[in-house]
Every structure is written in structure tokens, then in C-alpha cells.
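Residue numbers (my numbering), protein chains in the order written: chain A, 4 to 560; chain B, 7 to 196.
Heads up, some of the hints might be wrong.
[To be verified] The list that follows gives simulated cross-link-like pairs (lysine to any residue, SDA-like), each with its CA atoms no further than 20 Å apart:
1. 96(A) <-> 105(B)
2. 96(A) <-> 144(A)
3. 386(A) <-> 16(B)
4. 440(A) <-> 16(B)
[Stated by the list, open to error] Interface residues of chain A toward chain B, partial, derived using beta-carbon atoms under 10 Å:
5. 403
6. 410
7. 412
8. 413
Calculated directly from the structure, the hints in this document are not laboratory data.
Here a beta-carbon is modelled for each residue, glycine too, at the ideal position from N, C-alpha and C.
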Amino acid sequence: MSISIANRVLLGFAAVLALMVVLAVYALSQVAEVKDTNEVIVNRNVTMLRQLSAIQDLQNRARATRQTIAAQALLRSLNRPAPGEDPVPAWRKDALAAEAAMTQAISTAENLRDVAMTADRAEAWRQIATILKDADAELRQLHAGSERQISAAQANDVNGVTGAMQAIDASHNAFGKLISSAVDVMNAAIMAGQKRVNNVYEESRTSVLVALAIAGLLGILIAFGIRRSITQPLHAFMAFVERVGEGDLGGRTATTGPEEIARLGVTLNQMVEGLRQLARQSREATENLNASAAEIRASTQEQAASVEEQLAAVQETAATVDEITHAGAQIGKRAQEVIASAQATAQTSNAGLVAVDETARAMDAIREQAEAVAENIVALSEKTQAIEEITTTVNDISERSHLLALNAAIEAAGAGESGQRFAVVAAEMKTLADQAKEATAQVRSILGDIQRGINASVMLTEEAVKRVAAGKERTDTTQRTIEEITGRVQESVQTFQQIVASTNQQQLGIEQVMGALQNIRQASQQTAAGTRQLDSAAANLSQLSQQLLTLAERYRF
Amino acid sequence: MTDEAPLPQSDRRARILDERTRELARRRIGPRAAAAHGEAHLVCSLGRNHVGLPVASVAGVLPAKPCTPVPGAPPAVLGVFGHEGRTATAADLATALGVARAANGDPGGAGVFVMLKGADPRLALRVDSVQTVEPLAASEPAEAMGRDGGSAFAVGYAPLATPSGPAIVTLLDAERLVRSLLSPSPAPGA
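Between the sequences and the hints, there should be enough to build the whole structure, so can you do that?
Below you can see the structure in the form of C-alpha cells.
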């Protein structure tokens with residue numbers, strides 16, 4: 004069939020709609036019937052009841068008026084006349100009206116009996132008519148009695164009034180009983196009517212149900228037919244979509260059949276194609292996400308490690324700063340000790356300087372003495388030089404004499420015999436010369452000794468002077484050294500005082516450093532906490548991306 | 007000077023000086039030993055050696071004078087000098103005899119000239135010092151000592167008692183000395 008699905012559905016709906024309409028119409032007609040029956044019965048009931056009630060009202064009014072008349076009569080008899088108009092006409096009107104109403108009610112009952120819907124109703128109307136007839140008779144009797152009472156009243160017959168009361172009351176009671184029995188029968192009629200209505204209702208209900216069943220069956224058949232014509236092609240689609248739902252995005256579906264089916268096939272193919280692309284992109288994105296999450300994880304772990312290192316470094320630094328603080332305190336203490344000892348050293352140096360001064364003065368005295376000795380020795384040496392020169396002259400003389408003596412000996416030897424005495428003289432001269440030479444040699448040697456002694460003395464004196472000079476130098480050196488030491492010690496004292504001051508500053512600085520370290524440690528801890536959070540978030544991200552990946556792998560293409 | 011000997015005490019020093027003075031003043035009158043032995047020689051010293059020159063050939067002694075060198079002379083000749091108005095030739099006896107001059111002694115001293123007789127011009131021999139005139143006799147002839155440079159002019163050897171101990175005096179032949187020193191030397195290149 005090439006009718007489109009929509010048309011098929013429309014046709015089916017139209018058929019069902021037609022069935023529904025027919026059914027509705029039928030049902031409505033049945034409902035109208037029921038309503039009519041109900042209305043009729045109710046109307047009749049109401050009419051009758053109204054009439055009965057009217058009768059009762061009229062009668063009660065009449066009774067009331069009658070009683071008023073009686074009362075007035077009694078009052079009049081007591082010489083208390085009641086104001087107001089005369090109620091007798093009113094009573095008569097009411098009584099007549101009551102009778103008319105009764106008559107009407109009887110006729111109504113009889114009519115209704117004739118047109119009664121059911122036999123029960125007819126029976127009830129008949130009973131009512133009968134009762135009403137009895138009641139009518141009773142009413143007339145009552146009215147007659149009332150008439151008598153009224154005329155008695157009008158005649159101001161108190162006894163007659165009171166005497167008639169009993170009969171009236173009996174009649175009234177009988178009338179009332181009849182009326183009430185009529186009402187009871189009325190109730191029965193009502194019940195019968197209700198039953199009739201129920202019956203009618205049930206009949207119509209049954210018929211409507213039957214029609215409904217037929218229509219339902221027809222509709223089901225139509226629906227089945229349309230369904231089959233629709234669901235067969237849809238099964239294929241459903242199978243295809245199921246496969247897609249399971250994750251197989253690789254297939255295509257047929258595109259033949261009615262135009263909706265064909266369009267649906269094409270659209271499904273497009274959709275699957277779109278899903279394929281989406282799944283592909285999603286997988287790629289998820290893989291990227293996974294990789295990025297892993298990178299983030301790695302970097303957060305690095306960061307955590309570095310933060311740990313930072314904390315450790317901060318710990319070490321804090322410990323080092325502590326040590327520095329202690330060392331600084333110790334430095335301060337030592338500096339104080341050194342200052343005290345330096346001051347003691349200064350005092351000692353002063354004493355040392357005094358001693359050195361005395362030593363220098365003593366050395367100066369020694370040097371002066373040595374210089375005096377040297378002067379004496381120099382004078383002695385000069386005298387010795389003079390003696391040496393004289394000795395040299397004498398030695399020269401002795402040499403010449405020696406030579407002269409030798410010459411004389413040679414001449415004497417050359418002269419022979421006559422030179423013998425001359426030879427003796429020459430020998431004597433030679434001896435003299437020799438002695439002089441010996442003496443000068445000895446003098447010279449003694450002079451040499453003296454000179455050597457003088458030299459030794461000079462040397463010793465010089466050495467003494469040198470030693471004194473050296474000692475003086477050393478004393479000067481010592482003095483300078485002591486002064487330098489004192490100066491240095493003073494400088495050291497100042498330096499150590501500066502050290503103490505700067506150590507105090509250092510302590511302040513270190514306290515600041517400690518504060519800054521505390522801040523750094525707190526910041527590091529916060530960073531560490533944040534990094535842990537980051538790490539856990541990255542772990543979550545990793546996990547999620549893993550899950551995404553798992554999800555994305557559901558789709559195969 | 008590192009002489010550490012302290013000066014002797016004053017009384018000891020006085021005693022030593024007195025003894026020396028007495029020693030000096032004493033005349034040496036000792037026996038003239040061997041006055042008749044041998045001929046009179048003039049005893050000269052050349053370093054540690056003693057040489058004797060016969061008095062007969064000695065004209066006199068005089069202190070050494072500076073000489074003017076003469077080129078072309080034998081190596082022993084020191085030069086010429088003037089004495090008593092006349093020119094004389096001076097020669098170094100040590101060089102002439104081939105005697106090594108001792109290093110210790112008196113290299114600064116000029117020595118003594120011994121004027122010899124019989125030469126024209128006159129010849130003076132330079133010696134270190136002149137000791138005495140003694141009669142000496144050659145106890146050993148020179149030929150027994152062999153022919154060397156030092157004994158070319160020696161005629162003999164004689165013992166002598168000197169103040170510094172016994173010594174051997176080399177007696178020289180003066181004429182041979184003069185002849186060798188004053189003979190004209192061959193001109194170089196001739």
C-alpha cells in the first residue's frame with residue numbers, strides 16, 4: 004500500500020471517530036430516554052405531592068382560621084372581643100379551595116393511573132385515588148363539622164363550639180391519617196417510579212455497553228490493521244536504532260516504503276552519520292582531555308614535590324637562622340669578654356710602657372758611658388799611633404845602622420889586617436843595630452799587642468754601643484709595639500663594640516627573617532594544600548576522562 | 007776581629023815587660039864560634055833560603071831602590087838605578103838562582119841591594135835581607151848536589167846557626183853570577 008502513514012492513521016482515526024460518533028449519538032438518545040422517563044415520573048410525583056401538600060396547607064389554614072373563629076367566639080363569650088376582621092370568609096375560601104384541590108388531586112391520580120409507566124405505579128395511583136376519595140369524604144365531613152362550629156361561633160354558642168370540637172378533631176385526625184397514608188403510598192409510587200427509572204437506565208446502559216463493545220471491536224480491528232501497516236517498517240528502524248543504541252554506528256537502514264518511512268530512513272541515516280561524527284569528535288576530544296588531565300596531574304605532582312622541597316628548604320633555613328641567632332648571641336657574649344680583656348690589656352700595656360721608658364733611659368745612660376769609654380780609647384789609640392810612628396823611625400834607624408855595620412864589616416874584611424879593630428867596631432855597631440832592631444821589634448810587638456787590645460776594646464766598646472743601640476732599638480721597638488698593641492687593642496675594642504652593635508642589628512634582621520620564613524612556610528603550606536586539592540581535582544578529572552573514554556568507546560564505527 | 011783573648015792583668019804585664027827589657031839590655035858576649043873557619047861571607051836570605059856571598063867580591067850593601075827596567079835584558083835583571091852618582095844594574099838573585107820566592111815573608115818589602123865589586127857597570131843583587139858577615143866554609147861541595155838551576159852558581163853548602171835555628175847557607179860564586187847577568191844576551195831575531 005502506498006498510502007502514507009499519516010493518511011492511514013487519519014483514516015483509522017476517522018473510522019474510529021465515526022464509530023465514536025455513532026456510539027455517542029446512540030448513548031445520547033438512551034440518555035435522553037432515561038431523562039425523559041425520569042422527568043415524567045418526577046413531574047408526576049411532584050405534581051401529586053404538591054397537590055397533597057397544597058391540600059394539607061389549605062386545610063391547616065382553614066383549621067387555623069377555624070380555631071381563630073372559635074377562639075374569638077370564646078373571647079367574645081368572655082366579653083373580650085378580638086380585633087380584626089372577620090375570618091369566616093377566609094375559612095370558607097380555604098375550605099373550598101381545599102376541597103377543590105382534593106378533587107383535582109383525585110382526578111390527577113386517576114389520570115396518572117391511566118398513563119402510569121409501570122403496573123406498580125398504576126396500582127399506586129389507584130390506591131392514592133382511593134385514599135383521596137376517602138379523604139375527600141372525610142374532608143367534607145370535617146368541613147361540615149367546621150361549618151357547624153363556625154355557625155355556633157357566629158351564634159356565640161360556646162358550648163356548641165366546644166362540643167363540635169371533638170368531632171372536628173376526630174375528623175381532622177382521620178383526615179390527617181388518610182393524607183399521611185396517601186403520602187406513604189405516594190412514597191411507594193415514588194419508589195416504584197425510581198425503580199422504573201433505574202430499569203430504564205440499566206437497559207439503556209446495557210445497550211450502550213453493547214454498542215460500545217461493538218464499536219470497540221471495530222476500532223481494535225482498524226487499529227490493528229493500521230498498526231501492522233505502520234509497525235512492520237518501523238521494526239526494521241527499531242532494530243537499526245537498537246543497534247545504534249548499543250553503540251554500532253556503522254550501519255545504514257533501508258529507505259523504501261511509504262513516504263514517511265522513506266523520509267524516516269533517510270533521516271535516521273543522517274542522524275547516525277551525525278552521531279558517528281559526534282562520537283568521533285567526542286572520542287578525540289576525550290583522548291585529548293585524558294592526555295591533558297594526565298599532564299595536569301603530572302605537573303601538579305611536580306608542583307607538590309617542589310612545594311614539599313620548598314617546605315623542607317624553609318625548614319632548613321629556619322633551622323639555620325636559629326643557629327645563626329644562637330651564634331650571634333654567642334658572638335655578642337664573646338665580644339663583651341674580649342672588650343673586658345682588652346681593657347685589662349690596655350692597663351698592662353701602660354705599665355709596660357712605663358717599664359720600657361725606664362729601660363730606654365738606662366740604655367741611654369749606658370750608651371753615654373760607652374761613648375765616654377770610646378773617647379778614652381780613641382785618645383789611647385792616637386797615643387799608640389804616635390808611639391808606632393816613633394818606633395818606625397827607630398826601626399828605620401836600626402836598619403840603616405845594620406846596613407852601615409855590614410858595610411863597615413865588608414870594608415873591614417877588605418882592609419885585611421888593618422881592619423881588624425875596625426871590624427870589632429863594626430861588629431859592635433852591628434850588635435847595637437841588631438839590639439835596636441830587636442828592641443823595636445819587641446816594642447812593635449808590644450805595640451801590636453796594645454793596638455790589638457785597643458782594637459779589642461774598641462770593638463768591645465763598639466759592640467757594647469751597638470748592643471746598647473740594638474737594645475735601645477729593641478726598647479723603641481718594644482715601646483712602639485706596646486703602643487701599637489694598645490692602639491690595636493683599642494681598635495679591637497671599638498671593633499668588638501661595633502660587632503656587638505651589628506650583632507644586635509643582625510638579631511633584629513634575623514627575627515624579621517624568621518617572620519618572613521613563617522610567612523613563607525604558611526604560604527607554602529597553603530600552596531601545598533591548594534596543590535593537593537589541585538591534585539585531587541586532576542585525579543578526578545583523570546578519572547572522569549577515563550570514564551568518558553570508556554563511554555566514548557561504546558560507540559563503534 | 008774575633009780575638010777573644012782578654013788583656014793580661016797589669017802586674018803580670020809589668021813583670022813580662024821588665025824581663026823583656028832586661029833581656030834586651032843584656033849584651034850578648036858569647037864565644038865567637040869558628041872565627042877561623044872559612045872565608046868571610048855575607049849571609050843573605052832569599053825567602054827561607056840563605057845564600058852566602060864572599061865578602062871579597064862585595065862592595066857594600068844599601069837599601070833597595072826603584073829601578074828603571076831595561077828592555078832586552080835577561081829576566082833576572084830588574085833594571086838600572088843610580089848610586090853615588092853612577093849607574094848600576096840591579097838583578098834579582100832569587101830569579102837568577104831560580105829560587106821560588108816564598109809566599110810568606112815580606113813581598114811588600116823591597117829588599118836590600120848587595121853591590122858587587124869588579125863589574126862595569128856595577129851590579130847589585132837584590133836579596134830579601136842581609137843577616138850577617140860570618141866566616142863560612144863549604145862543608146859539602148856543590149858537585150855532590152847535582153846540576154840544577156839553583157846550584158849553577160853554588161860552590162858549596164855550609165851550616166850556620168841562626169837565631170831561628172840551624173840553616174844551610176849556599177855559598178855562591180860571584181864572578182859566575184856577574185858574567186851570566188852582564189853578558190850580552192842574543193838580540194831577538196838575530
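Checked hints:
no. : hint             : verdict
1   : 96(A) <-> 105(B) : 227 Å, violated
2   : 96(A) <-> 144(A) : 16 Å, holds
3   : 386(A) <-> 16(B) : 19 Å, holds
4   : 440(A) <-> 16(B) : 26 Å, violated
5   : 403              : 8 Å, holds
6   : 410              : 5 Å, holds
7   : 412              : 4 Å, holds
8   : 413              : 5 Å, holds
The structure is inconsistent with the numbered hints 1 and 4, although it conforms to all the rest.
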